[in-house]
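Peer 1: Fit chains B and C to the given chain A structure using the hints.
Chains A, B and C supply the protein sequences, listed in that same order. Under my numbering, think of the first position of the first sequence as 140, with each following residue one higher. Under my numbering, think of the first position of the second sequence as 140, with each following residue one higher. Under my numbering, think of the first position of the third sequence as 140, with each following residue one higher.
Hints should not be assumed to be uniformly reliable.
A pair counts as met if it fits within one copy or between any two copies, since identical chains are not told apart.
Subject to a maximum C-alpha distance of 25 Å in a straight line, what follows is the list of computed SDA-like cross-link-like pairs (lysine to any residue) [stated by the list, open to error]:
id, residue 1, residue 2
1, Lys-321, Leu-307
2, Lys-348, Ser-372
3, Lys-279, Pro-190
4, Lys-279, Val-334
5, Lys-363, Leu-191
6, Lys-279, Ala-246
If you're looking for bench data, these hints aren't it; they were derived computationally from the structure. None of these values were measured; they are calculated from a predicted model.
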Amino acid sequence: MDLLSVLHFDELSHGLANLSMFPYFDMAHYIVSVMALREQPGALEVSRVSPLACWFSSMLFCFGGAVLSGIMLAEPPVAPLSNSTGVLLASVIWYLVFYCPMDLVYACASPLPLRLVLSGMKEVTRTWKVLGGVTQAHSKYKDGLLVMIAIGWARGAGGGLISNFEQLVRGVWKPETNELLKMSYPTKITLIGAVLFALQQTHYLPLQKHHLMFIYTVFIVVNKSRMMLTGSSTSPFATIESALYKTLFAGYSPYAALISEVKSACIDNSSMNKTTTTKESSENGSPGQETPTSPATGQSSSLEAKEESPNAAATNCKKTN
Amino acid sequence: MDLLSVLHFDELSHGLANLSMFPYFDMAHYIVSVMALREQPGALEVSRVSPLACWFSSMLFCFGGAVLSGIMLAEPPVAPLSNSTGVLLASVIWYLVFYCPMDLVYACASPLPLRLVLSGMKEVTRTWKVLGGVTQAHSKYKDGLLVMIAIGWARGAGGGLISNFEQLVRGVWKPETNELLKMSYPTKITLIGAVLFALQQTHYLPLQKHHLMFIYTVFIVVNKSRMMLTGSSTSPFATIESALYKTLFAGYSPYAALISEVKSACIDNSSMNKTTTTKESSENGSPGQETPTSPATGQSSSLEAKEESPNAAATNCKKTN
Amino acid sequence: MDLLSVLHFDELSHGLANLSMFPYFDMAHYIVSVMALREQPGALEVSRVSPLACWFSSMLFCFGGAVLSGIMLAEPPVAPLSNSTGVLLASVIWYLVFYCPMDLVYACASPLPLRLVLSGMKEVTRTWKVLGGVTQAHSKYKDGLLVMIAIGWARGAGGGLISNFEQLVRGVWKPETNELLKMSYPTKITLIGAVLFALQQTHYLPLQKHHLMFIYTVFIVVNKSRMMLTGSSTSPFATIESALYKTLFAGYSPYAALISEVKSACIDNSSMNKTTTTKESSENGSPGQETPTSPATGQSSSLEAKEESPNAAATNCKKTN
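Isolated chain A (complex conformation) (with noise of 0.2 Å):
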């Protein structure tokens, strides 16, 4: 019996590893991604006042992935540009997705059953470029295990690592939020899979690598479909990332208190209130509780005035780098 199901498992990986990306899973995968941009705020009146800039904004989402790592590793990042045939089935998809007559392709694609059908051969994309990412670093540099989840990162959650860019060419900017401050679900469990595909590239981690590829799939698959289906978007992790926030980084720092005492002394009621409410909600913040004041808040003059080092007279308050 454990041998059977052993031999299925092995099968099924393998069968897995061989799959080829093109053309349904990477049509799954362009679909998804511009159908998401037409749901961003403002994105179709993009559309309809600059389509270059809609279809330049829909390429991004869905090759920014290898744009991002290819700037990373000092490779062309117009190569993905060279791959004429999937720029063209994106292209066609995106045109289809923003302009088709009375919106037919768009009204099909969004009812639950086929969107999650598509999400699931999506995520299934993800796994490849993940892989593909860590595979290439790992033809670089040799030992560079931090490289090697970078890439792998970058590779397969690309396309939101550079939003805040790719927002931009749609003249939308919003700098006080980022992947990295808050972190989007598909970043986060592509970053999980960048460390997993990397400890195995670098024999830390003892599995084979289709069965890994087997079942970061199938939990990705299942996961989003779950997600999908009840439209919960609450992390799996999220037990696991309070624990390890609150054990190593929610510290009470006696300088920062000072520090508080100091600004509340200095800045006026109508602000002080606002800022001594960031201040306690982020000490008490995890990322399980959503802080929406984050401490990006963009606000020069009353961040000017907030933590005052002690020995602000001996050193200089700005970048001394």
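Peer 2: Okay, now just chains B and C, sitting in the frame of chain A:
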């Protein structure tokens, strides 16, 4: 008669193709570019506060194309700096345009006759830059038509394409617009040139290279002169663009209508007037009619309320890449 | 006597040149860099909300020079990540400075005596980084003096030069200022070092490399200590800068005066006071006197009204690149 004119055409084309851009045409390019920078709002003040930032901006105006195409092809963006003669010449011109006693140089180069000649010469360098970019991309990506177009475009209009970041050097940040959202005439004409030269390189366009160079150069010089003499800024392609846009990109989107109903109900009166106006104007907008209230408003709060997918419960509203 | 002191000088120079930066000097550099980050407004809050963003920021502070010079030379910006020992050491220091129970590490390293020693050691690493950058550029561009200066500068002061983007990681965006518009002391001293080492490499400066290293290192260490002990932030070059500026860059511009007349007539009273004040203060400003109302106001509406060329009818006011 026909043969004679063909011979003349061929001679002229060869003559133009063998023309050296250095030093006179390059000089004209630097002068027009630095003067264009000087006429930017706030540039003169920057020149008085930080000559270094002003110089860096000028270099981006003069060599922006080479820098951008270098970044895209993973070649050192500092490479233009190694062309010491060019950089020295551009720096001398920068100094004279910004700091010449009594503004002699700027005063002499501003009047229309000389400006017309200099702009014409600058347009000639555009052909060389686009062709250089297309050729450079062709050597790396034999069949990459899109790559050739992208690199030719970047090389020829790079300064305009990176305008957001060039402005950042001067402390100006205008995320609500960029050359993709609202393409200026030089960027448009460069894109067309890049497409033509790329098609010629890959033999889709049955023209000899020096003939195409001649035709394209004559066209852009004549058009630029016409625009400067008449003071008009209407693109010669306005009718074609308008027709193309109405055919391909101006489809009515039922889902967008659904969304605007939801939107009207959700948001308060004051912002409702603004957003519905934006929606109507952008649905009717075409590149010919300038829509100043472009969709790229940058007002994240009102944008967040817009465009909720009917399946928002089942999918992430945010990017699900 | 003379010969003896020369021998001592030579011995000391050789000794310094053969000193290894790892691990003590590098450690000092990481400690001072991370502490400088911690003293940035809002950084402590970011550390509590997103340790990953905080870690990434710290790595940019510690390795920013290597990243920036890598980007400029089209070498992989992730290369610093492959230096696992360095990254591990910097990460441990990051963790201890931000999250040590009772802030022990920060409390111990803050007082002036130890901070002075650490800052002095950090200044020593600056020499190595500048020299490394100049040498690296020299190997690629034998005669590229400007390239050597640029790369040496980037390598030595990269963290400061990319400060806008490092702040973006923490959700802070201050486009109105950058290191080119308003150069901080470390960036200035690094630029001077890059120029000196580049001139030495190309034999324009008749000094031996290890002698120059010694002189430069002694100068920057002594100057940094003086500034920390006296609490002064006056650059030692203030008088030279001022003289250079007044000679070369402070010319009166008749066209600017013409423009300000037009400006006064065009804009309303409230903004007029602000803009005329800005214009006067920036025309009189020198790097020595800090002009807080820098021209980089970022107020696109008022800036649009400024600075219209007298030949606006014949030329595009906007970029005509």
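Peer 1: Work down the list of hints and note, for each, if the structure agrees.
Peer 2: Comparing the hints with the structure gives:
Taking identical chains as interchangeable, the C-alpha atoms of Lys-321 and Leu-307 lie at most 25 Å apart whether they share a chain (18 Å) or sit on different chains (13 Å). Taking the shortest Cα distances, Lys-348 and Ser-372 never come within 25 Å of each other, neither inside one copy (30 Å) nor across copies (57 Å). When the C-alpha separation of Lys-279 and Pro-190 is checked against a cutoff of 25 Å, the pair qualifies neither within a copy, at 38 Å, nor between copies, at 29 Å. In this homomeric assembly, Lys-279 and Val-334 come within 25 Å of each other (Cα to Cα) only inside a single copy, at 17 Å, whereas the closest approach across copies is 33 Å.
With identical chains, the CA atoms of Lys-363 and Leu-191 are at most 25 Å apart between copies only, with a shortest distance of 24 Å across copies and 32 Å within one. For the homomeric pair Lys-279 and Ala-246, neither the shortest alpha-carbon distance inside one copy (45 Å) nor that between copies (41 Å) is at most 25 Å.
The earlier numbered hints that this structure contradicts are 2, 3, 6.
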